[in-house]
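Top to bottom, those sequences are chains P and D.
Following this note's numbering, the numbering of the first sequence begins with 3 at its first residue and continues without gaps.
Following this note's numbering, the numbering of the second sequence begins with 3 at its first residue and continues without gaps.
It is possible that part of the hints are untrue.
[Stated by the list, open to error] Partial chain D-side listing against chain P, Cβ under 8 Å, derived:
no.	residue
1	P33
2	E53
3	K65
4	I67
[Said to hold, decoys possible] Some chain P residues well away from chain D (every beta-carbon gap over 12 Å; in silico):
no.	residue
5	E18
6	E30
7	L31
[What the hints assert, rightly or not] Mimicking EDC-like on lysine to aspartate or glutamate, the simulated pairs with C-alpha atoms at most 20 Å apart in a straight line are:
no.	chain 1	residue 1	chain 2	residue 2
8	P	K64	D	E68
9	P	K69	D	E30
10	P	K64	D	E20
11	P	K26	D	E20
12	P	K65	D	E53
13	D	K64	P	E53
14	D	K26	P	E20
15	P	K48	D	E30
16	P	K48	D	E68
17	D	K65	P	E20
18	D	K39	P	E68
19	D	K52	P	E68
20	D	K48	P	D40
21	P	K39	D	E68
22	D	K52	P	D40
23	D	K39	D	D57
24	P	K65	D	E18
Worth flagging that the hints you see were computed from the coordinates, not collected in a lab.
Built from N, CA and C at the ideal position, the CB exists for glycine as well.
Chain by chain, the residues:
2 protein chains.
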Amino acid sequence: MGHRGLGVDPRCRCIETESRRIGKQSVELFPPSSHCKDTDIVATLKISGKEICLDPTAPWVKKVIEKIIANKAP
Amino acid sequence: MGHRGLGVDPRCRCIETESRRIGKQSVELFPPSSHCKDTDIVATLKISGKEICLDPTAPWVKKVIEKIIANKAP
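Here chain P stands alone, though its shape is the one from the complex:
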């Protein structure tokens, strides 16, 4: 939800975040930068390819990312 185009928009990528939990998806992390003070986390849903923004402060989001790094199915 609220995912803006990548790269060219001089603002944050995410304007709102998805509160429903997602499972094992690819996740892209964008660190804070000069045009966005927040970390943006964008997940790509496996079947639809749809991109959704996740809340970097939500504990379940951190757990999903930690599980991906640990090479486990979330």
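Take the given structure of chain P and dock chain D to it, following the hints.
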């Protein structure tokens, strides 16, 4: 290094990983799947836009990701 095209290649995205440390970059995490048993981590370098693969087992890679999630400059 060794970054393959996204999505359509039925293998792992990363065939080798970069050992030099990178700083504050956007990072994409791909969990293990039916066509790749490993987690792939692809960083996009800020200036060149070049994509490089990172070693998901390297402690510094985990730290960079943790710092991005924590909304801190790595």
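Non-conforming hints, listed in increasing numerical order: Violated hints (numbers, rising): 2, 3, 6, 7, 10, 11, 12, 13, 14, 16, 17, 19, 22, 24; every other hint is consistent with the structure.
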